[in-house]
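Protein sequence lines correspond, in order, to chains A and B. Numbering (the working numbering) for the first sequence: 1 to 282. Numbering (the working numbering) for the second sequence: 283 to 561.
These are calculated hints, taken from the structure and not from any lab test. Among the hints, erroneous ones may be present.
Said to hold, decoys possible - Simulated crosslink set (EDC-like; lysine to aspartate or glutamate; CA at most 20 Å straight-line):
#1 B/K380 / A/D9
#2 A/K89 / A/D10
#3 B/K380 / A/E269
#4 B/K380 / A/D10
#5 A/K89 / A/D103
The residues making up each chain are set out below.
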Amino acid sequence: MKKTRSATDDPPLLRYLLCGIAFVFIALFLVLPLMVVFSEALATGLGPVWTAITDTDSLAAIRLSLLAAAIAVPLNTVFGIAASWAIVKFDFPGKAFLVTLIDLPFSVSPVVAGLIYVLVFGRQGWFGSWLTDHDIHILFALPGIVLATIFVTFPFVARELIPLMSDQGREDEEAALSLGASGFATFWRVTLPNIKWGLLYGVLLCNARALGEFGAVSVVSGHIRGQTNTMPLHVELLYNNYDYVGAFSVAALLALLALLTLALKSFLEWRYADELAAVHRH
Amino acid sequence: MTAATIFSPSTRSRFPGFGLSLGFTLFYLTGIVLVPLLALVLRPFSLHLEDFWTTISAPRVLAALRLSFGTALAAAAIDSFFGFIVAWVLVRYRFPGKRLMDALIDLPFALPTAVAGIALSTLYAPTGWVGSLLADYGIKVAYTPWGVLVAMIFIGLPFTVRTLQPVLQDLGRDLEEAAATLGATRPQAIMRVVVPMMMPALLTGAALAFARGVGEYGSIIFIAGNLPMKSEIAPLLIVTKLEQFDYAGAASIGVVMLAASFVLLLALNGLQVWAAKRR
């Protein structure tokens, strides 16, 4: 059975060429780096990996990363819902500008994101001397790490919800309101079920970035081993101390989290395509 | 909320939560993003502006800015070229493992940059899997400016692919058909018909990859070698100045980078308007 090629199908030679280029490129830049992480971690077997991950400082780093994400992600989720509600359901002047401002943290360098909090809370910063006088620690402590994490993950949820809620319009909510539902009940019973998969998608990406952020957190953390080192910072510390197995063991843990995130993300795109923002449907 | 008063009473009474949602949005945005950014923007003005210029025009700073911006531009161009091919393969062809390859594109988004940094550095080091092959031809990637380029290509790839993919998906095939009917070969149809139609998406993806590359820190510092004047990127110089408690110097470089972000953001908005007009 021979199929005739339509005018917009590529000739086989071109097809093989393009596929070949794409495969080699992806292997070189995506697959091999991922494989290196696991192969370096397992270079001396599974035992050292376990020892490296259950080390006191590693466990402290894991706890700190989870804690920072556990504060930053819910806050940005509430913000994302509030911002998309205001932006999608109402018209007001300056709306486009507001959307641009929400996107701003995406285009700011992570190092600059850390720097701005140093300029506000640091010793020579705006509130530096006041904070020292009152013995309040923001930089080189949990609050600074949380602030930097919030900044770099700021737009994730809002960015996911704004196009999704724009697609959905406001008819459903108007129907509920006209039937006498309160504003809160309308949000809880009508809006939230409509946006739940899109919300989960945004939260998933927000969480992945929150756990993995390096540059911004590095500037504000102070790198105190066992105290203010998050998982990515601990990877750096071990690597710079030539403890490659240790560094790649913690890195492998982070890589597994990243792969899990990608798997969940693909699952959501495949299973709930109609309930995500249109850009993710493919 | 004074902004609420300009709306017709009917809109407001019918739909709840305007004051609360916009109020919280503005409060959170101001506290987390705007006020700290203002601290950065105002910093050079609290000193003598000459100091700002002295910092920025120092040879080491200029070299770092040139490296960050120049390499990010090259990486964005490379990502656009290969991103177009990857998007094309993913949209137009069917092959086993396609869904896996599609999911893998987002790896640079999901993988923490420090992990990417040590992995790329190990891979492209003279003893690494790829680095040892290149070393046979006398090519050094890790611990040279080429390492910076490799890291920036890695970090920017999803931006170009994910910008091109949906546009390519929605692109009708009638113009390609017309080109074929008029005697164009397939490569001609792609280069002369498809690529021009994809221009807004190509530029948007490139701008996003460029923005990410310019500011990128984590994946680069491990592979770059960080030699002053040679392979030292601008964000690293900010960190170095902070470690020396040179807040003013760090802020001066930070302001330059922030200004670049603003210009890029404006350019991206302009691109979107252009793309919408062409549709």
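Query raised in the report: Of the hints given before, which are not true for this structure?
Result: 2
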